[in-house]
Structures are given as structure tokens and as C-alpha cells.
Amino acid sequence: MIYIEAAGVEKDEMYYFEINENGTAYRQISKHGNLHSEVSTAPDFVLCDQEVVIEAGDRIITKEQFEIEWQQAIEPNLAAWKITKKQYPLGRPVRGEIAMFYPQGAIIRMSDDAYAVTDYNKLRELTPAQYLYPSYCIEGFVVDYDEINLWLVIENCKITGENSL
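Heads up, the sequence shown is in the working numbering, so the first residue is 268 and it goes up one at a time.
Keep in mind that a hint or two might mislead.
[To be verified] Pairwise CB distance ranges, derived in the manner of DEER restraints: (1) A323 / Q354: 21 to 31 Å; (2) K278 / D411: 33 to 43 Å; (3) M281 / F408: 16 to 26 Å; (4) L399 / Q339: 20 to 30 Å; (5) P343 / A273: 34 to 44 Å; (6) N423 / P401: 17 to 27 Å; (7) K278 / Q397: 12 to 22 Å; (8) D380 / E406: 17 to 27 Å; (9) E406 / K278: 39 to 49 Å; (10) T427 / A273: 33 to 43 Å; (11) I350 / V320: 18 to 28 Å; (12) A323 / P360: 45 to 55 Å.
[Claimed, not checked] Listed next, the in silico BS3-like pairs over lysine-lysine satisfying Cα-Cα at most 25 Å (straight line): (13) K298 / K353; (14) K298 / K330; (15) K278 / K298; (16) K389 / K425; (17) K352 / K425; (18) K330 / K353.
The set of hints was computed from the structure by calculation and includes no laboratory data.
Since the model is a prediction, treat every value here as computed from it, not as a measurement.
Cβ atoms here follow ideal geometry from the backbone N, Cα and C, with glycine treated the same way.
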């Protein structure tokens with residue numbers, strides 16, 4: 268992965284990206300001064316959906332430097348994450364709805380404060396294409412916790428065909 272620090276258009280605006288060699292963003296921090304940050308995970312879901320191009324003036328940073336910024340940005344969400352893990356123990360069957368698709372997989376909204384990720388390719392193999400859209404209900408089992416993005420990891424998923432809209 269490549270880690271970038273980029274100045275924003277506005278004064279005191281900085282962007283931090285974790286991208287792969289193709290410029291696909293996996294994590295992003297949008298920092299507005301020292302007061303507020305938005306992240307690519309819940310609750311903000313701010314992730315560049317275009318190729319990230321390293322521009323003149325951008326700075327390549329180390330993974331360690333990026334992680335310091337990431338931990339500071341997600342710190343306000345850690346208390347809710349601890350509650351989520353208690354509400355959704357490993358092995359628990361769960362039900363949610365597709366919220367969006369990220370490079371990491373399909374993002375599932377479990378509740379207002381809880382999100383999960385599942386392997387998109389596995390889901391695609393088992394699901395008719397007309398159900399692979401946001402708002403379709405999905406069931407699975409909690410198998411792990413993504414401590415980086417603060418998501419549940421669910422597997423053995425199936426889409427029920429119900430739409431929450």
C-alpha cells in the first residue's frame with residue numbers, strides 16, 4: 268500500500284489516503300483543522316470513488332504516520348465500537364441490508380451504529396445479480412472483527428430478496 272498526505276483546497280484541510288498500486292483508496296481521512304475529521308468508515312463513509320493520483324505537493328508518508336492519523340480520527344468512534352462488539356458476539360446470526368460496496372467488500376448496515384463487511388466475490392457467486400444492490404436484506408454470521416475499520420466481518424451470507432426501501 269501507498270500512504271499519501273495531500274493538502275485540501277480550503278485552508279487547514281488535509282487528506283490522508285491509503286491506496287493500492289492502481290490508485291484505489293482503501294482508507295481515507297478528511298481532516299478539517301484540528302477540530303473535525305471524517306473517515307472512510309462509519310459514521311462518515313467518505314471514500315474517494317475515483318483513482319487517487321499523486322499530485323505535485325502531495326507527500327508520501329509511512330504506514331506508521333498514516334496509522335497515527337487514523338487512530339486519532341477514529342478515536343471518537345471507539346466507544347460505540349466496543350458496544351457493537353458486545354451486541355454482536357462471534358458466531359451470532361445477523362441480518363442487515365447492503366449499504367454500499369467498497370474495495371474491501373460489501374458493506375452491510377446492521378443498525379444505525381453497526382456495520383459489517385463481507386466478501387463481495389463470494390456474495391456474487393451465490394446471489395442473482397438483481398439483488399446485489401443497496402437496501403437488499405442480507406443474513407450471515409459474525410466470524411471476526413475488523414479492528415481497523417471498526418466493522419463486523421460476516422460470512423456464509425445469503426440475500427433474502429427483501430428490499431428495505
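Cross-check of the supplied hints:
1. A323 / Q354: 21 to 31 Å: At 47 Å between Cβs, range violated.
2. K278 / D411: 33 to 43 Å: Distance hint for K278, D411 holds at roughly 41 Å.
3. M281 / F408: 16 to 26 Å: violated (39 Å)
4. L399 / Q339: 20 to 30 Å: Hint violated: Cβ distance 35 Å, outside 20 to 30 Å.
5. P343 / A273: 34 to 44 Å: With Cβ atoms ~23 Å apart, the hint is violated.
6. N423 / P401: 17 to 27 Å: Hint holds: Cβ distance 21 Å, inside 17 to 27 Å.
7. K278 / Q397: 12 to 22 Å: violated (47 Å)
8. D380 / E406: 17 to 27 Å: Since the Cβ atoms of D380 and E406 sit about 19 Å apart, the hinted range of 17 to 27 Å holds.
9. E406 / K278: 39 to 49 Å: Given about 47 Å between the Cβ atoms, the range holds.
10. T427 / A273: 33 to 43 Å: Distance hint for T427, A273 holds at roughly 41 Å.
11. I350 / V320: 18 to 28 Å: For V320 against I350, whose Cβ atoms are near 39 Å apart, the range 18 to 28 Å is violated.
12. A323 / P360: 45 to 55 Å: holds (51 Å)
13. K298 / K353: The hint is violated at about 30 Å.
14. K298 / K330: Between K298 and K330 the Cα gap is close to 17 Å, so the pair holds against 25 Å.
15. K278 / K298: holds (11 Å)
16. K389 / K425: With a Cα-Cα distance of about 10 Å, the restraint between K389 and K425 holds, given a limit of 25 Å.
17. K352 / K425: holds (22 Å)
18. K330 / K353: violated (30 Å)
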